[in-house]
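Student: Use the sequences and the hints to build the structure in full.
Take a look at the letters that make up each chain.
2 protein chains.
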Amino acid sequence: MSYKMMTKDELKRLRSELLSEYEEKKSQGLDLSMARGKPETSQLDLSMPMLEIIKPDTPFKGEDGMDMRNYGVLSGTAEAKRFFADMLDVSLENILIYGSASLALMYDTISRAYIKGICGSEPWSRLEKVKFLCPVPGYDRHFTICEFFGIEMISVPMDDNGPDMDMVERLVSCDPLIKGIWCVPKYSNPNGIVYSDEVVRRFAALKPAAEDFRIYWDNAYCIHHLYRDRQPEILNIVSECEKAGNPDMVYEFCSTSKITFPGSGVSAMAASKRNIDETVAMMSVQTISHDKLNQLRHVMFLPTQKALKEHMMKHADIMRPKFEAVLEMLEKELGGLGIASWTKPLGGYFISFDSMEGCAKKIVSMCKDAGIVMTDAGATYPYGNDPKDSNIRIAPSFPPIDELRKACEVFIICVKLASIEKILSI
Amino acid sequence: MSYKMMTKDELKRLRSELLSEYEEKKSQGLDLSMARGKPETSQLDLSMPMLEIIKPDTPFKGEDGMDMRNYGVLSGTAEAKRFFADMLDVSLENILIYGSASLALMYDTISRAYIKGICGSEPWSRLEKVKFLCPVPGYDRHFTICEFFGIEMISVPMDDNGPDMDMVERLVSCDPLIKGIWCVPKYSNPNGIVYSDEVVRRFAALKPAAEDFRIYWDNAYCIHHLYRDRQPEILNIVSECEKAGNPDMVYEFCSTSKITFPGSGVSAMAASKRNIDETVAMMSVQTISHDKLNQLRHVMFLPTQKALKEHMMKHADIMRPKFEAVLEMLEKELGGLGIASWTKPLGGYFISFDSMEGCAKKIVSMCKDAGIVMTDAGATYPYGNDPKDSNIRIAPSFPPIDELRKACEVFIICVKLASIEKILSI
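For the protein sequence lines, the chains are A and B, in the order given.
Counting in the working numbering, the first sequence runs from 1 upward without gaps.
Counting in the working numbering, the second sequence runs from 1 upward without gaps.
Calculated directly from the structure, the hints in this document are not laboratory data.
Fair warning: this is a prediction, and the values are worked out from it, not measured in the lab.
Warning: the hint list may mix true and false statements.
Identical chains share a label here; the pair holds if one copy fits it or two copies do between them.
To be verified - List of simulated lysine-lysine pairs, DSS-like, C-alpha gap at most 27 Å:
#1 61 - 368
#2 362 - 243
#3 368 - 332
#4 61 - 314
#5 131 - 116
#6 61 - 406
Tutor: Now the structure itself:
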């Protein structure tokens with residue numbers, strides 16, 4: 001029965017029951033987290049063979065003819081390039097291999113635009129203002145990068161197909177200070193949205209006022225499906241941009257962080273040859289070469305796309321029951337109450353939860369008091385400011401499933417309590 | 001007999017002999033390099049056990065209590081910090097662990113100063129001009145970083161004790177636009193100088209006009225001795241700066257690039273807690289954590305300072321004969337001719353060679369034509385401009401010793417020829 005149909009007395013009675021449940025949970029001294037998209041231990045175990053894969057008789061001279069144990073091969077080994085080119089369906093010349101995580105690659109890409117500009121345009125550090133579009137809810141670390149560089153963020157709402165493209169087209173075409181847009185096009189963080197073909201095509205066909213406008217396409221979850229039989233595909237942004245006559249308009253990012261080991265993976269950028277060449281030239285000031293031994297480990301451990309896909313299904317088999325457990329509990333406990341909605345993603349690392357307006361901060365803070373760490377309310381919005389104070393990102397991946405259930409129980413109690421308070425206060 | 005004492009006819013006769021030797025060398029189709037400070041293959045082999053050191057039963061939870069295979073521990077594992085703290089003789093709180101090479105750490109340190117400033121001072125991007133002092137001859141990649149950020153470089157001459165400290169003190173104390181100085185204090189690149197205690201103390205006691213002046217102390221070769229019995233020590237700059245009341249004035253950099261695998265090592269910064277804290281805070285925007293598995297490999301492979309020292313002596317045993325071969329050939333062929341001088345380093349990766357004025361470019365270019373790649377003449381000076389056109393950096397480490405001898409023979413012929421041309425033209 002919907003809370004809003006209940007009388008004040010019924011609600012108060014319910015609140016008092018829930019409060020004692022909450023106090024009971026609190027007394028358990030829980031210390032659980034649904035805050036960050038971290039793989040759980042058994043997912044890490046999947047890649048253990050990779051750590052021993054290099055043997056004394058491993059050939060260290062790859063196709064480049066260089067000893068992978070020594071300096072050189074700035075843009076990445078040919079073998080690592082092929083791995084990512086196959087994964088992202090682009091040519092070898094469109095791939096740049098980077099360090100152990102794509103976040104640093106994204107930061108550095110923005111940093112270089114700030115210091116030197118993009119393909120001959122004015123460095124952003126010399127401009128009065130630079131603006132980025134940020135589809136919301138989105139990934140907090142993208143927003144933090146923007147804040148660090150003083151980039152003004154403009155929120156763009158999303159629906160089930162991706163960002164509001166009418167708004168994106170209008171803003172991008174009229175404002176030359178808009179230099180970029182952050183996108184997580186597949187299993188978006190946090191709402192699990194998969195951009196539709198139409199959305200991708202409209203992205204590729206943008207007519208930006210700024211010549212140095214780029215789409216920052218963070219394809220972090222491109223092969224991170226939860227199901228064997230439901231694996232939506234998105235259009236290839238690099239080739240779509242090419243077809244639309246905008247070959248240089250996109251930087252695509254990805255990594256093996258959530259394929260093998262977070263923080264000890266290999267990251268890569270896909271982009272036009274012009275963008276790659278420019279990036280490599282600037283990168284040559286910063287480093288001599290990234291860790292080629294780690295590149296070697298990865299291509300030895302996942303030598304084919306088939307091996308990669310099979311490996312990802314092992315991740316899915318660990319992740320899926322957790323997502324389903326959370327979704328089941330939410331449905332059972334909150335379904336029909338009219339106080340919340342949530343996404344049912346087919347991949348990625350998050351469930352996006354929307355409480356009643358004005359309740360998210362309260363819920364997260366109550367969870368914290370009971371020993372359950374959630375991502376900060378508001379974190380999914382630029383400047384940490386969710387105007388409705390309703391979005392909460394749930395990350396079910398890290399805790400073992402029994403702990404996850406415990407955490408979820410507390411979360412549900414907090415949602416109910418905050419909602420009742422809200423309804424009673426209206 | 002000194003060339004300058006020879007008659008023109010004698011010189012011409014000698015030149016004609018040398019020219020036919022040169023042509024003979026040229027006809028051999030050599031393809032050798034004495035250009036970069038790269039370890040040779042057998043040095044890489046020394047660290048092969050490290051690549052297999054992580055086993056299925058390795059404990060991945062370190063002192064930090066975090067699984068090293070997952071996200072987290074931004075500033076580096078406790079174990080890796082201890083490794084570098086011991087190596088550089090500083091406290092754990094003075095250490096920050098970085099990625100796979102110190103060049104990126106140095107670039108990023110400059111980059112953060114450019115974007116955000118240092119400890120509250122104005123970001124360099126907003127200043128009309130920023131200047132750095134560059135002891136010469138020096139490391140070309142330091143200079144390239146300065147050029148990238150538009151930093152004006154001022155050359156400071158060096159003697160056997162280090163940079164000209166009268167000049168450094170005078171410039172630093174009067175010009176607030178001077179924000180830094182690059183130093184390779186031990187076995188300096190390329191001249192192998194070890195800074196004297198007095199020089200280090202005068203560095204620590206500098207009274208810079210700029211509050212954000214920092215000493216960029218690239219201690220790349222701190223344990224890279226060539227000899228067992230001659231291992232000069234330098235004073236600890238971090239503690240000297242502290243003693244002198246300038247605790248925040250230095251960033252010290254180092255890495256395991258030339259200890260284990262170049263480009264696949266672990267790098268670190270030593271500095272005051274204030275500098276470290278600021279760097280970590282800014283770094284949190286750029287990355288979640290560096291490669292902790294590689295940190296783990298390193299501390300398992302080199303668990304004690306004793307193990308580290310023994311390991312470095314194996315490098316020395318490979319490097320020393322090469323340095324001695326080159327020095328012997330230079331002495332035998334060029335000694336007493338009055339046309340060149342060179343350093344006799346006790347460690348590091350380079351021999352610094354000075355030809356007669358105006359001959360370095362010619363020598364390097366003749367070497368190239370005969371298939372011997374040397375570091376570009378001038379590269380050891382800011383803007384690639386050696387005002388005397390005399391300094392050439394010799395890197396004996398990479399080629400096997402028989403190839404090194406061949407390369408050196410050609411080099412010597414080129415030095416003689418260019419010198420004769422020079423003398424004849426006066």
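Student: Indicate, hint by hint, whether the structure satisfies it.
Tutor: Against the structure, the hints:
1. 61 - 368: between (52 Å within a copy, 25 Å between copies)
2. 362 - 243: Neither. Shortest intra-copy (48 Å) and inter-copy (50 Å) distances fail the 27 Å Cα cut-off.
3. 368 - 332: The answer is within: 23 Å in one copy meets 27 Å, while 76 Å across copies does not.
4. 61 - 314: This pair counts as between: shortest inter-copy Cα distance 23 Å, intra-copy 31 Å.
5. 131 - 116: both (17 Å within a copy, 18 Å between copies)
6. 61 - 406: between (51 Å within a copy, 24 Å between copies)
This entry does not satisfy hint 2, going by the numbered hints stated previously; all others are met.
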